[in-house]
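> Here is what each chain is made of, one letter per residue.
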Amino acid sequence: MVNDKIRYYLEEVTELLNIDQLYKSYGQQEVVKGLSLHIKKGESYGLLGPNGAGKSTTISMISGLLKPVQGSITVGGINMIDSPKKAQQLLGVVPQEIALYMPMTAKENLMFWGRMYGLSGELLKQRVQEVLDIIGLTDRANDKVGTFSGGMKRRVNIGAAILHNPKLLIMDEPTVGIDPQSRNHILETVKALNEQGMTIIYTSHYMEEVEFLCHRIGIMDQGQLIAEGTIEQLQQVVGNKTSLTITLQEPIQHTDEIIQSLKQICPDESFSIQEQKLTAMSADAQRIIVTVLPFLAEQGLSVTAIDLVQPNLENVFLHLTGRSLRD
Amino acid sequence: MLSIWIVQKDLLLLIRNKKALLTLLLMPLILIAILGSAFSNMFASNEDETVAMFHIGVVNEDGSVHSNRFVEDVLQNQLSNFMTIEKLSRSEINEAMNSERISVALLLPKGFGDKLINNNLPEVELISAGDSSIQTSIIESALIQYQQVNAGITATVAILTNHYTKLAESGEVINGEMYDTNSEMMTLAKPIHEVTVSGTEKTIGSFQYYAVAMGVMFLTMTVVTLVGTMIEEKNDTVYARQLTTRLVAGQYIIGKFVGLLIISFVQLSLIVGGTSLLYGVDWGDSIAAIILTMFSFTLSTTGLGVLVGSFMKNEESFGSIGMIGTQIMSALGGSFVPIYMFPDWMVVISKVLPNALALQMFMDIMTGEGVATIASEAIIAIGVGLLLLALAWMRLARKGGIV
Numbered sequence: 130m131v132n133d134k135i136r137y138y139l140e141e142v143t144e145l146l147n148i149d150q151l152y153k154s155y156g157q158q159e160v161v162k163g164l165s166l167h168i169k170k171g172e173s174y175g176l177l178g179p180n181g182a183g184k185s186t187t188i189s190m191i192s193g194l195l196k197p198v199q200g201s202i203t204v205g206g207i208n209m210i211d212s213p214k215k216a217q218q219l220l221g222v223v224p225q226e227i228a229l230y231m232p233m234t235a236k237e238n239l240m241f242w243g244r245m246y247g248l249s250g251e252l253l254k255q256r257v258q259e260v261l262d263i264i265g266l267t268d269r270a271n272d273k274v275g276t277f278s279g280g281m282k283r284r285v286n287i288g289a290a291i292l293h294n295p296k297l298l299i300m301d302e303p304t305v306g307i308d309p310q311s312r313n314h315i316l317e318t319v320k321a322l323n324e325q326g327m328t329i330i331y332t333s334h335y336m337e338e339v340e341f342l343c344h345r346i347g348i349m350d351q352g353q354l355i356a357e358g359t360i361e362q363l364q365q366v367v368g369n370k371t372s373l374t375i376t377l378q379e380p381i382q383h384t385d386e387i388i389q390s391l392k393q394i395c396p397d398e399s400f401s402i403q404e405q406k407l408t409a410m411s412a413d414a415q416r417i418i419v420t421v422l423p424f425l426a427e428q429g430l431s432v433t434a435i436d437l438v439q440p441n442l443e444n445v446f447l448h449l450t451g452r453s454l455r456d
Numbered sequence: 004m005l006s007i008w009i010v011q012k013d014l015l016l017l018i019r020n021k022k023a024l025l026t027l028l029l030m031p032l033i034l035i036a037i038l039g040s041a042f043s044n045m046f047a048s049n050e051d052e053t054v055a056m057f058h059i060g061v062v063n064e065d066g067s068v069h070s071n072r073f074v075e076d077v078l079q080n081q082l083s084n085f086m087t088i089e090k091l092s093r094s095e096i097n098e099a100m101n102s103e104r105i106s107v108a109l110l111l112p113k114g115f116g117d118k119l120i121n122n123n124l125p126e127v128e129l130i131s132a133g134d135s136s137i138q139t140s141i142i143e144s145a146l147i148q149y150q151q152v153n154a155g156i157t158a159t160v161a162i163l164t165n166h167y168t169k170l171a172e173s174g175e176v177i178n179g180e181m182y183d184t185n186s187e188m189m190t191l192a193k194p195i196h197e198v199t200v201s202g203t204e205k206t207i208g209s210f211q212y213y214a215v216a217m218g219v220m221f222l223t224m225t226v227v228t229l230v231g232t233m234i235e236e237k238n239d240t241v242y243a244r245q246l247t248t249r250l251v252a253g254q255y256i257i258g259k260f261v262g263l264l265i266i267s268f269v270q271l272s273l274i275v276g277g278t279s280l281l282y283g284v285d286w287g288d289s290i291a292a293i294i295l296t297m298f299s300f301t302l303s304t305t306g307l308g309v310l311v312g313s314f315m316k317n318e319e320s321f322g323s324i325g326m327i328g329t330q331i332m333s334a335l336g337g338s339f340v341p342i343y344m345f346p347d348w349m350v351v352i353s354k355v356l357p358n359a360l361a362l363q364m365f366m367d368i369m370t371g372e373g374v375a376t377i378a379s380e381a382i383i384a385i386g387v388g389l390l391l392l393a394l395a396w397m398r399l400a401r402k403g404g405i406v
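Chains A and B are the protein sequences, given in the same order.
Going letter by letter, the first sequence gives residues 130 to 456 in my numbering.
Going letter by letter, the second sequence gives residues 4 to 406 in my numbering.
Source of the hints: derived by calculation from the structure; they are not laboratory data.
Just so it is clear, the structure is predicted and the values come from calculations on it, not from any experiment.
Hints may contain errors.
[As the list claims (entries may be wrong)] Covered stretches of chain A (chain B as the covering partner; in silico rule of three or more C-beta atoms under 8 Å from a C-beta of chain B): (1) 190-198; (2) 218-226; (3) 243-253.
We put the CB at the ideal spot given by N, CA and C, even for glycine.
The following block holds chain A by itself, in its conformation from the complex (with noise of 0.2 Å):
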C-alpha cells in the first residue's frame, strides 16, 4: 500500500512527522501560532488540549484537509502542501465523528474505504478480512453498521483507517461517547498496532487513554503548544504538588483581589479561580485548608465542596492552562 519511492524515502527519515512554526487564521482569529512538533517513526504521541486550544485544525493540517497560512509539514519526508495525495498514502485518519455509510454492513463499509486507498482484488479482501479481525467484528462483518452499538461503530471507523496498513495513524478523539468494554478493546488495538511499529498520534479528553497509550504527550492552549515530554517529564512541572479545587456556592467577584489576598496568607502557593472555583496547587494540601477556609468564610463565600488531585497529567494540565481538561 505505500509505493517503492514513498518506502524509500521511508527508509532514511527516523522522525515521521516533522511540523514547523504553523500559523492557521479564519478570518481575523488565529487558531494555531507557531506550532512545531516533531514526532519519531514508531512512536505514540498524546495531543491534549481543551476545546478550542486548535488540535483538530492541527489534525485538519497534517491530514491534508486544510492549508496552513505559514510553515511547513512533512510526512515521511514529504511535503504535505506541495504534494498531498503523496503524502497522505502514510496516512491513516480516524476523525473524531463516525465517518461510515450507515445503511452498508462492516464488509462493504471496509471495502469501500480500502479501495479509496488504492487497494483491490485479493489483497483488498485479505486485508478486509485481517481488520475484522483485528476490531473484533468478524461475526458481524455483514451487519449493516447503522444496527451496531456506538463502540462497534467506533471500531468499525477506525478499522477503515488503518486497511492500508499506514505508517501514521491520527486518531482524533476515538473514544467519545462509548462503553467501558469497547472502549478497552479500542486501546488495547491501538496499543498493538503502536507495538507492531505504527506510529500514532492520539488526541482524547480522557487523561487515563494517554497515560496508557503514549510515549510523549504535547498539551496545546490557544493555539500553542505549551508544554511536551514523557509523562514523568511533564508531571516534573507540577513536582508532588496537590491540586486543590474549592468549589464555593457564589461566582466569585473580584477575583485579582481575592487571589493577591490569598498569596499574602500563602506566599509559596499558587492561586487560580474560574467563575466558582478557586484551584490552588500546593506541596501541603492540608495546610491550605486550614488557611484557606477560614479567609474565604471573612469574605462571606460559603464552600459546597473541596476536591483533591494527587499529581498527574490532569493537575499539570490544570497547572499550565489554569483549566481542566474538559472545560
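Got chain A sorted already, so can you dock chain B onto it with the hints?
Then chain B, alone, in the frame of chain A:
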C-alpha cells in the same frame, strides 16, 4: 478509477433507501396516471377525436364591419363544420337556451370593431349551458385568431405605407422587384408566424404530455435527492475522510455525476417503458434523441445541484430548498400545467429553465423529431452543465484544502 467506487456506493445506498426508491421510481408512474386522466380534455388525442356539431346564438350589438365579418366569414363560413349560427337579440337568449336550440350564446358588444381597429382583443360575452368547454374554447380561439390576423394586416399595411411613402419622397420608381416576398421587409411584415405542419406530424396527447412532464420533474427530484446525500456526506465528515485517501475532488464529482446519470437513465427507462406499456404513450421514434435529452438535462441539473450543494452546509435546509425549488421549477417549466397556458412573463422565465428546455425537447421527439432537431438545445444544456460542474469542482477543491 476511484470514481467508479463512488458510483457503486451511491447506487448501493439508493437501493437500501426504500423511501427514496419509491419516490424516484414508482411515484412518477402513479402521478402520470392521475394527471393524465385529470387533464385529458386539454389535449388533442393521438386518435382522431370528433367534436359534435353545436349550435350557437349570436347577439351582434356592434353591427360594425368587423363584427359582421367575424360572425359571417369566420364563424358561419370557416367554422361551418363545427357549428351553426342563429342570430338573436339579447332578450331571446334565455328562451333559446332553455329550449336547447343553442348550447352557447355569444354577445358582441358595442365597440367590438373599434377595439379591433386599435389592435386590442375585444371583450365578448360567452354564455354556455352545462359542459360546453370545448365549444367555448373553439369560439375563443377563433376570436383570438381573428384579432391577430387583423392586427397583422394593420401592421403590414402601416409598414408598406411608410416604406412606399419614403420611396415616393426620395423620387425612386416603384418596380416589381420590390414585391419580392422573400425580402427581409416582407418577412418582418408577415402578420402571423406560420408553421407548415406536415401531414405526418403528430400531436401531443395528455398522457404523453404528463409522461414527459412528470419524467422531467422526477429527474429533477433525483438530482435534488442525490445532491442532498452529497451534503450529508460533507456534514458527516465522510467527504473529508474521503479527501484524506487517494480520492480528489474531481474524481468525487465525476463519481457523483455518473451515479446520477445511471439513476436518471434507470428512472427514465422506467417512465418511458412503463408509460408505453401501461398507457400506450408514444415517445417518438428516436431512442438516441431521448438518451441525448436525458444526458444533457441530467448534466445541466446536476451541474446546478452540485454547485448549490457545494455552498450548502445543511442537508435538511438543502432538502427543503431543493424540493421547493423543484416544485417551482416544475410549475414554471410546465410539469403541472402546459407552458402555453401561462401568461407571457412566465413563458419568458420558463425559457431559461433546464426542465422547460428538456420538456420541449422531449415533446419535439414525440412529434417525430430526431437528434438533429434537438442537438442545439442539447449542446447548450451540456455546455451550461459542464460550466456549473467546473465551478462546483473549483469550489469543492478550494474548500477541501490542498487537494
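> Now tell me, hint by hint, if it's right for this structure.
Verification of the supplied hints:
no.: 1; hint: 190-198; result: holds (count 5)
no.: 2; hint: 218-226; result: holds (count 6)
no.: 3; hint: 243-253; result: holds (count 4)
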